[in-house]
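Each protein sequence line maps, in turn, to chains A and B. Just so you know, we're using the working numbering here: the first sequence kicks off at 63 and counts up by one. Just so you know, we're using the working numbering here: the second sequence kicks off at 33 and counts up by one.
FYI, nobody ran anything at the bench for these hints, they're computed from the structure. For each residue, glycine too, the CB sits at the ideal point set by N, CA and C. Check before you lean on any hint, since a few could be wrong.
Each pair of labels, with its calculated beta carbon distance range [said to hold, decoys possible]:
1) A:Pro361 / B:Arg205: 12 to 22 Å
2) A:Ser365 / B:Arg291: 53 to 63 Å
3) B:Ser319 / A:Ala286: 20 to 30 Å
4) B:Arg127 / A:Ala180: 58 to 68 Å
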Amino acid sequence: MARGYDVTPMLLQPSPWRERMRRSRLGAVGPVGEWAEQKGTGTSMIAAGSPPESQAVMVRDDGGTEEVAFLGDEALLFGCLHIPAGEVRGGLVICSPILADFGANYQREVNLARHLAADGVAVQRFHPRGTGHSDGDAADLTLQSLIDDATQAFAHLRDRLPGRTIAVLGTRFSALVATRVAGAHGQPLVLWEPVTDPQRYIKEGLRARAVNAMRSGVQPEEPADELARRGFVDLLGIPVGRELLGTASDVGLAAELGEQPCPVLLVQLDQRDELRDDYVALREQLQSRRCDVTAHCFPLAESWWFVHDRLAPTEAVVEATVRWLLARL
Amino acid sequence: VTALDQSSVATAADEQPVFVESPLGHLLAVVTCPTAPSTGVAVVLLRGGGWRPSSGPRRTQVRLARRLATLGVSSVRFSYHGVAESGGEGDAVFRLDQPYVDDLGAVAEWVTRQGLRSILVGNCFGARTALSYAARSGADGIALLVPPLHDFEVARRRDRRPLRKLARRATPRHVWAVARSPARRRAFGRTARALRDLTVNSVSRGRAAPAWMSRHFCRELDATLTRGIPVLFVYGEQDPYFRDFESARTGEVGDIIRRAGSLVTVKVVPGRMHGLTSWETQDATISEVHAWVASLVTPLRETGGR
Numbered sequence: 063m064a065r066g067y068d069v070t071p072m073l074l075q076p077s078p079w080r081e082r083m084r085r086s087r088l089g090a091v092g093p094v095g096e097w098a099e100q101k102g103t104g105t106s107m108i109a110a111g112s113p114p115e116s117q118a119v120m121v122r123d124d125g126g127t128e129e130v131a132f133l134g135d136e137a138l139l140f141g142c143l144h145i146p147a148g149e150v151r152g153g154l155v156i157c158s159p160i161l162a163d164f165g166a167n168y169q170r171e172v173n174l175a176r177h178l179a180a181d182g183v184a185v186q187r188f189h190p191r192g193t194g195h196s197d198g199d200a201a202d203l204t205l206q207s208l209i210d211d212a213t214q215a216f217a218h219l220r221d222r223l224p225g226r227t228i229a230v231l232g233t234r235f236s237a238l239v240a241t242r243v244a245g246a247h248g249q250p251l252v253l254w255e256p257v258t259d260p261q262r263y264i265k266e267g268l269r270a271r272a273v274n275a276m277r278s279g280v281q282p283e284e285p286a287d288e289l290a291r292r293g294f295v296d297l298l299g300i301p302v303g304r305e306l307l308g309t310a311s312d313v314g315l316a317a318e319l320g321e322q323p324c325p326v327l328l329v330q331l332d333q334r335d336e337l338r339d340d341y342v343a344l345r346e347q348l349q350s351r352r353c354d355v356t357a358h359c360f361p362l363a364e365s366w367w368f369v370h371d372r373l374a375p376t377e378a379v380v381e382a383t384v385r386w387l388l389a390r391l
Numbered sequence: 033v034t035a036l037d038q039s040s041v042a043t044a045a046d047e048q049p050v051f052v053e054s055p056l057g058h059l060l061a062v063v064t065c066p067t068a069p070s071t072g073v074a075v076v077l078l079r080g081g082g083w084r085p086s087s088g089p090r091r092t093q094v095r096l097a098r099r100l101a102t103l104g105v106s107s108v109r110f111s112y113h114g115v116a117e118s119g120g121e122g123d124a125v126f127r128l129d130q131p132y133v134d135d136l137g138a139v140a141e142w143v144t145r146q147g148l149r150s151i152l153v154g155n156c157f158g159a160r161t162a163l164s165y166a167a168r169s170g171a172d173g174i175a176l177l178v179p180p181l182h183d184f185e186v187a188r189r190r191d192r193r194p195l196r197k198l199a200r201r202a203t204p205r206h207v208w209a210v211a212r213s214p215a216r217r218r219a220f221g222r223t224a225r226a227l228r229d230l231t232v233n234s235v236s237r238g239r240a241a242p243a244w245m246s247r248h249f250c251r252e253l254d255a256t257l258t259r260g261i262p263v264l265f266v267y268g269e270q271d272p273y274f275r276d277f278e279s280a281r282t283g284e285v286g287d288i289i290r291r292a293g294s295l296v297t298v299k300v301v302p303g304r305m306h307g308l309t310s311w312e313t314q315d316a317t318i319s320e321v322h323a324w325v326a327s328l329v330t331p332l333r334e335t336g337g338r
């Protein structure tokens, strides 16, 4: 069993720092010395003028640690950093998928991170703004906000692992994000069931919403009408804003990669056991950019939109990904 | 939430992750601090079964926790052992007759160590866990969001799945597949026990409850209310579990609720709550829970938490 401890005692009363952060977001920034005046009051152990290092740490059986913390200065990101016990051979940033896929893939990502950490790879996971425990509204989530958050998580891990190779993994829609971040740094890239056409992905989501509404005996509102009425579309209980809905079809995975070639692992999680046409085309596009592409297919029976959380297939996908990454880090 | 309240809704800056030690592994909890003077109460949020993080289905736990902060209430949302960031080994199946009381016990004890009183808010499997814990150890209130009233799905659906359908599946190939797989053998054992219980319940004389009704649920609800703990039920009007609840209220559950009088509040929100696949349903659910918690803590607030 893992041993754990929280490094920071809890502050269950509103703390001066939290109050300052909150007022800062509301545009009521206090004087610079405000926080310093609070020190010595017995309410906090935090150095004057600096925010508390509010993180929790769990030490695993193998000596590796998992640090959970909110990252950033303004809109905070929930992050979990898996740190190996011994020498670190490299890193991985995991870009979680969004909408219904976020929960569906979650445990698979946790399992991957723990396997990699046991093999000497540090892994940074995080919740993008508007998802999970992070700040922000789901309706404000856009491709650009996802890229900004992934870039921040990448920088956070790079600061901890200077000079090491840091791979990036993206699943479904977030494959676009991972591709942009990995491409910018020429790092190894892992794509799990990537979305190659954002508009088709959104249409699939709207179809799933219509099916869900019909099952409830309700006539779904036209997306355009709903967007005009309240500024977002309710996609199976998750508000999707205008910008994300309008993410253009011409945003393509290969184009996101930029000019730097990088090794790519392409994982298909679909009903069929051979690479489908859009992935064959993607592989060719990536190879034409001098990328070394490895492809794996793992049969999966369910629809991504209707299975809320899924464990299988996990082991095979995790094993294949770990093997591929260890050969490149 | 009014515009004035919105300005004091908590954000991640008001939150802190913490690992809570439990018998089955360290549980990752996210604690939301109050943005108003503290009432000395913490709401413990329990999610349903599954492998998603404790942000809950569609972030409803996050939204609820951050709104409750405006009442001067702390919140703790956590992942069960083996789930998401929590340590320990998870089970392959979440069983309603085996709620994760030890996990909740560890979190509730942690809350007590902070000098706070606990109100439990559980969704589906989490509701059953909250009820089970409250019956044994007490709480200052429990909100049960779409709680199932059966222990085994196969039992509740018995009327829709006649035995001959199960018998038709007993082909040599299927039997061989079950015999070879430990997981499927365990699942078969659960099904067999559920059908046995169902048969026993069906032939019992004088039972004023549906045959699929969980005896654990009745016993625990009775014990909780006998302790004087306020209970909130919230269902979606389209939830199959709400139909079960209505059916059960004609029998033993109804008697227990009537005896409890004003301790029990029942609210019905539009749509289907299980899965929370509608924004309106989420909003309505959050509002009902927020209002109920406010009704519990307002007297505390007025007396300065005494």
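### Query
Going through the earlier hints one by one, which of them does the structure break, listed in rising order?
2, 4
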